[in-house]
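J.: If you read the sequences in order, they're chains A and B. Going by my numbering, the final residue of the first sequence carries number 761, and the count climbs one at a time with no gaps. Going by my numbering, the final residue of the second sequence carries number 1154, and the count climbs one at a time with no gaps.
There could be a bad hint or two in this list.
Beyond 12 Å from chain A on every Cβ pair, some chain B residues (computed) [what the hints assert, rightly or not]:
(1) Arg1018
(2) Val1025
(3) His1032
(4) Gly1037
(5) Arg1053
(6) Leu1054
(7) Glu1062
(8) Thr1081
Per label pair, the in silico range of CB-to-CB distance [what the hints assert, rightly or not]:
(9) A:Glu733 to B:Ser1006: 45 to 51 Å
(10) A:Glu578 to B:Val1023: 43 to 49 Å
(11) B:Gly1065 to A:Ala162: 49 to 55 Å
(12) B:Leu1088 to A:Ala194: 55 to 61 Å
(13) A:Glu760 to B:Leu1060: 21 to 27 Å
(14) A:Val542 to B:Val1023: 48 to 54 Å
(15) B:Gly1065 to A:Leu573: 50 to 56 Å
(16) B:Ala1093 to A:Glu760: 55 to 61 Å
(17) A:Val672 to B:Gly1065: 45 to 51 Å
(18) A:Asp729 to B:Leu1019: 30 to 36 Å
(19) A:Val605 to B:Leu1060: 55 to 61 Å
(20) A:Ala632 to B:Leu1019: 34 to 40 Å
Some chain A residues well away from chain B (every beta-carbon gap over 10 Å; in silico) [what the hints assert, rightly or not]:
(21) Ser148
(22) Thr283
(23) Phe442
(24) Ala611
(25) Asp634
(26) Cys644
(27) Leu645
(28) Val648
(29) Gly741
It is worth saying that the hints were derived from the structure and are not from the lab. Virtual Cβ for every residue (Gly too), placed ideally from N, Cα, C.
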Amino acid sequence: MVPFLALLLPLALALTALLPRCSVVSARIGSVALAASVVWALVSASDGGHWRWVWLDELGLEIHLALDGFGSVMVALVGGIGALILWYSTEYFPEHRSYSRFVALFLVFAAAMSGLVLSADLFSMFVFWELTSVTSFLLIGMNDESASARNAALRALLVTGAGGLFLLTGVALFQIAEGTTSFAALAESEGAGAMFAVAAMFALVGALTKSAQFPFHFWLPGAMSAPTPVSAYLHSATMVKAGIVLMARLSPAVDHVDAWRWTVVVAGGVTMLIGGARALRQTDAKLLLAHSTVSQLGLLTVLVGIGHPLALYAGVAHLVAHAVFKAGLFLAVGAVDHAIGTRDIRELSGVGRAMPVVAVLSIVAAASMAGVPPFLGFVTKEKVLAVLLETGDGRSAEMIVALGFVVVGSVLSVAYSVRLVHGLFAVKPGRPMSEVHHAPGFGLSFPVVATGAVTVVAGFLAGWWGDLMKTAARSLDDEAKGKLVLWPGFNLPLAVSLVVLLAGLMIGRRTPETPGPHRWRLSGEAAFQWTYDGMLRGSIAVTRYTQSGSLVAYMVVVIAALAVAVGGPAIGLIGDVEGDVVFADSAVQVLLVALASVFAVAAVVTNGRLAAALLAGGVGFSSAALFATFGAPDLALTQLLVECLAIVVILMLVRRLPTRFDEDRAWLPRTVRIVVSLAVGVAVAGFALATSLSRTAPSVGEEYLVRSAPEGAGNNVVNVILVDFRGTDTLGEMTVLIVAGLGIANLLVHARRRHARKVEA
Amino acid sequence: MNRDRSIILDEAERWLFRLILLVSVFLAVRGHNAPGGGFIGGLVAGAAFTLRRLAGHTSLEELCGRLRPQALLGAGALVATITALTPLASGDALLESAVWSADWPVFGKFKLVSAAIFDVGVYLAVVGFVLTMLVVLGGSDDENDGASDGNVRP
Chain A
1 MVPFLALLLP LALALTALLP RCSVVSARIG SVALAASVVW ALVSASDGGH
51 WRWVWLDELG LEIHLALDGF GSVMVALVGG IGALILWYST EYFPEHRSYS
101 RFVALFLVFA AAMSGLVLSA DLFSMFVFWE LTSVTSFLLI GMNDESASAR
151 NAALRALLVT GAGGLFLLTG VALFQIAEGT TSFAALAESE GAGAMFAVAA
201 MFALVGALTK SAQFPFHFWL PGAMSAPTPV SAYLHSATMV KAGIVLMARL
251 SPAVDHVDAW RWTVVVAGGV TMLIGGARAL RQTDAKLLLA HSTVSQLGLL
301 TVLVGIGHPL ALYAGVAHLV AHAVFKAGLF LAVGAVDHAI GTRDIRELSG
351 VGRAMPVVAV LSIVAAASMA GVPPFLGFVT KEKVLAVLLE TGDGRSAEMI
401 VALGFVVVGS VLSVAYSVRL VHGLFAVKPG RPMSEVHHAP GFGLSFPVVA
451 TGAVTVVAGF LAGWWGDLMK TAARSLDDEA KGKLVLWPGF NLPLAVSLVV
501 LLAGLMIGRR TPETPGPHRW RLSGEAAFQW TYDGMLRGSI AVTRYTQSGS
551 LVAYMVVVIA ALAVAVGGPA IGLIGDVEGD VVFADSAVQV LLVALASVFA
601 VAAVVTNGRL AAALLAGGVG FSSAALFATF GAPDLALTQL LVECLAIVVI
651 LMLVRRLPTR FDEDRAWLPR TVRIVVSLAV GVAVAGFALA TSLSRTAPSV
701 GEEYLVRSAP EGAGNNVVNV ILVDFRGTDT LGEMTVLIVA GLGIANLLVH
751 ARRRHARKVE A
Chain B
1001 MNRDRSIILD EAERWLFRLI LLVSVFLAVR GHNAPGGGFI GGLVAGAAFT
1051 LRRLAGHTSL EELCGRLRPQ ALLGAGALVA TITALTPLAS GDALLESAVW
1101 SADWPVFGKF KLVSAAIFDV GVYLAVVGFV LTMLVVLGGS DDENDGASDG
1151 NVRP
């Protein structure tokens, strides 16, 4: 039952959504299905169901999903917000040709994200992690005609993909160090040793990339080229929380690693400040929200990663609160954009009067984001401050540093909330009132209303909501506890909150609507671009150097490598050689070898291409005859046929080439070519001689001769070897043959077309 | 139509082509117990098409009618892969041979080894490869399509 609703149902619906005519219906059914998964997750949370699918037993790799307290809250979040946004999307972009793709990808993503939050071990989480990266890539680049959307998608994929590799390294190191990647087992283990710490740090880098933490914070604002429903779901409410989920799951096991705690605090804290400061400079409301998301993710990173059970509780509570209000804000901005045609706060004026419902609920959500009572955001923010201010044994140096970051970050978040609300909805003197072209219908309004309602109701039912969060946090760390209260009374956290609100209000009112020029920039984006361009340039340079395009050069390299590869072992075997060399079995063999040698020398000496081709064929025919005298009819027959066809093919090529070899144009001097050719001849012959004379084990041929008839049901042992004993080799060789054939065909057709174009031009 | 086509080759090709194809099938089928097999059979069939090409049938239609070389390559890969993978379904190793024996009223005892089906895949792939080469390299003798402008490096 565990995987059914959350994973399989969305996947099944994704298939039907691909049919263009069914996409809207699928979206509505999918929305209901996702809503059902919320009910299911909350109802069956207590039974703690497990579901395992063993993949590689020898390595202990399996997909292990568990519906624990945290998992059920997260599934409810993923399903609930997914349901609302999918419903919203039906009105946001109806009848667009790529809508079916959107619905399908959206549902696949919902399934992957549900799997991620339910994962009970790091390996399972990695698998779903990568799935979310891929769907995110496809969804950011949904407007595939826009170059900037494609670039943003690629950038997000490269950053999160690189992070995924770090996570994979972490998975492998945990497996080596502890023999397991299960979160529960890791939490119980000692976790001593350098490898454990290194593994934790690798996993942490993965988490930081996914959750857009400094220095990887730049990809998230870029991802805003996705349509708003995608941004709201993936890049604010769910996917970017994957890193937080990973840290929350892992931190009880690894929080004794000092580097982990300090990295988390510094990366999260710096991100909080960068995101908050940048949000104050945005004029695009959606980008403002993107930067605020980066900032809030920094706060969550600090809380869940710092390794304090109470902070973990506060982090889980704020994680849910943030997802709810941020999704609501994104959807509200989308609704304004949809209705008016712009979301630039410099152009909007008086939207609050024109769209009162959206405006009121946005203000509720923004107030929650700023931490204004009585909303959910206030309740959780108070909890955060209370935990960090609490004096006692649990307080450490990094918690004091974190407190500093959180206070400044909170001031900024009040300031950007003010900027957002004022910019979107206020009547601005001296500016024409914005006109509403498409009034938002039920589809666009309802999700905004629903998230707003949760923010308000959960704020008032803080006690009950807090218990729910406690179940979630307890499943991560037994010591996690806490309560949420709407009105804590006048205490230190409330005093700090008031100061923060006042300071933020002032900063928010005073930031100019149009930002001034950049004074300084800690640009991860530039660093990324520099690395990316450098790698491209480097690989081009390497390719230019190694791929000269000269056939002779390639041949010389290949042949020289062969000479070294077989010549070395041959020299090494000289000491083991025993037994006599049989010169020849019969006079015919001597004659055939002499004939082949004459052909070979003549082929090298001749100046005509046609003659050289025929003479090389002569060498082949002599060899075929030689095989026949050794009693190998299959080999002889094959050699004969291959030689015939090869000559015909070479002749077809030769008619297009100059009739004579042109010595002056040769790429390598003659002496080099002669030396390499002689070397490979001597090396191969010497290798064959040395290996057959120093045999220690009986020939595998003897065994095959015995096994051929009973096991392979054939009397021709050569054929039984080809299709049975070594059949996999044949399969591989066939594949090479097929790929080579198709490759040659495509290259030549392409070259001819290019030539034809040149002739026309 | 090529001016220099040889009438003798042209006439001989008509029946030699079919004969060689027949021989190729014969070689492929008997390969499990006597010299031959899918690879050799495929090469012989390739030789039949090469003869056709040398007799002056240069275009794809003249060479192999509605048969497409790429389709042969794909069919070969498909047959071989399916034969290789089938034993996995029953828990055996990759390419494990199965033997079916049956007594036929006229032909007598007949034994079919699953490896022979694998050999059919090899046969098809080899014929497809040779045909591909003949089609892409063996364009008409008459037209100078410019590939040879004398500037090709040795």
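J.: Does each hint fit the structure? Answer for all of them.
T.: Now for the hints, and whether the structure bears them out:
1. For arginine 1018 of chain B, the shortest C-beta to C-beta distance to chain A comes to about 18 Å, beyond the 12 Å cut-off, and the non-interface label holds.
2. With a least beta-carbon separation of about 15 Å from chain A, valine 1025 of chain B lies farther than 12 Å from that chain, consistent with its non-interface assignment.
3. Its beta-carbon lying about 4 Å from the closest one in chain A, histidine 1032 of chain B breaks the requirement of being farther than 12 Å from that chain.
4. With a least beta-carbon separation of about 4 Å from chain A, glycine 1037 of chain B fails to lie farther than 12 Å from that chain, contradicting its non-interface assignment.
5. Its closest Cβ contact with chain A, about 8 Å, brings arginine 1053 of chain B to no more than 12 Å, contrary to its assignment away from the interface.
6. Distance check for leucine 1054 of chain B against chain A: the nearest CB is about 7 Å away, which does not clear 12 Å, and the non-interface claim fails.
7. No Cβ of chain A comes within 12 Å of the Cβ of glutamate 1062 of chain B; the nearest lies about 16 Å off, and the non-interface call holds.
8. Separation of threonine 1081 of chain B from chain A is inadequate, the least Cβ-Cβ distance of about 7 Å not exceeding the 12 Å criterion.
9. Distance hint check for glutamate 733 of chain A and serine 1006 of chain B: the Cβ-Cβ separation is about 36 Å, which falls outside the suggested range of 45 to 51 Å.
10. Checked against the hint of 43 to 49 Å, the pair glutamate 578 of chain A and valine 1023 of chain B passes, with Cβ atoms roughly 46 Å apart.
11. Taking 49 to 55 Å as the suggested C-beta distance range, the pair glycine 1065 of chain B and alanine 162 of chain A conforms, at roughly 52 Å.
12. Evaluation of the 55 to 61 Å hint for leucine 1088 of chain B and alanine 194 of chain A yields a failure: the beta carbon distance comes to about 42 Å.
13. For the pair glutamate 760 of chain A and leucine 1060 of chain B, the beta carbons lie near 23 Å from each other, so the given range of 21 to 27 Å is met.
14. Between valine 542 of chain A and valine 1023 of chain B the CB atoms are about 50 Å apart, so this pair conforms to the stated range of 48 to 54 Å.
15. A beta carbon spacing of about 54 Å between glycine 1065 of chain B and leucine 573 of chain A agrees with the range 50 to 56 Å that was offered as a hint.
16. Look at alanine 1093 of chain B against glutamate 760 of chain A: about 56 Å separates their beta carbons, and that is inside 55 to 61 Å.
17. For the hinted restraint 45 to 51 Å between valine 672 of chain A and glycine 1065 of chain B, the CB-CB distance of approximately 49 Å keeps it satisfied.
18. Hint check: aspartate 729 of chain A to leucine 1019 of chain B, Cβ distance near 32 Å, so the stated range 30 to 36 Å holds.
19. At roughly 39 Å, the beta carbons of valine 605 of chain A and leucine 1060 of chain B sit outside the given window of 55 to 61 Å.
20. At about 26 Å, the CB distance of alanine 632 of chain A to leucine 1019 of chain B disagrees with the hint of 34 to 40 Å.
21. Every beta carbon of chain B lies more than 10 Å from that of serine 148 of chain A, the smallest distance being close to 38 Å; the non-interface claim holds.
22. Against the 10 Å criterion, threonine 283 of chain A stays outside the reach of chain B, whose nearest CB is about 55 Å from its own CB.
23. Every C-beta of chain B lies more than 10 Å from that of phenylalanine 442 of chain A, the closest at about 52 Å, which supports listing it as non-interface.
24. Against the 10 Å criterion, alanine 611 of chain A stays outside the reach of chain B, whose nearest CB is about 15 Å from its own CB.
25. The Cβ of aspartate 634 of chain A sits about 5 Å from the closest Cβ of chain B, inside the 10 Å cut-off, so the non-interface label is violated.
26. At the 10 Å boundary, the C-beta of cysteine 644 of chain A falls inside the reach of chain B, the nearest C-beta of that chain being 6 Å off.
27. In this structure leucine 645 of chain A is not separated from chain B by more than 10 Å, as the shortest Cβ-Cβ distance comes to only about 6 Å.
28. For valine 648 of chain A, the non-interface assignment is contradicted: its Cβ lies about 5 Å from the closest Cβ of chain B, within the 10 Å cut-off.
29. Taking the minimum C-beta to C-beta distance to chain B, about 4 Å, the non-interface status of glycine 741 of chain A is violated against the 10 Å cut.
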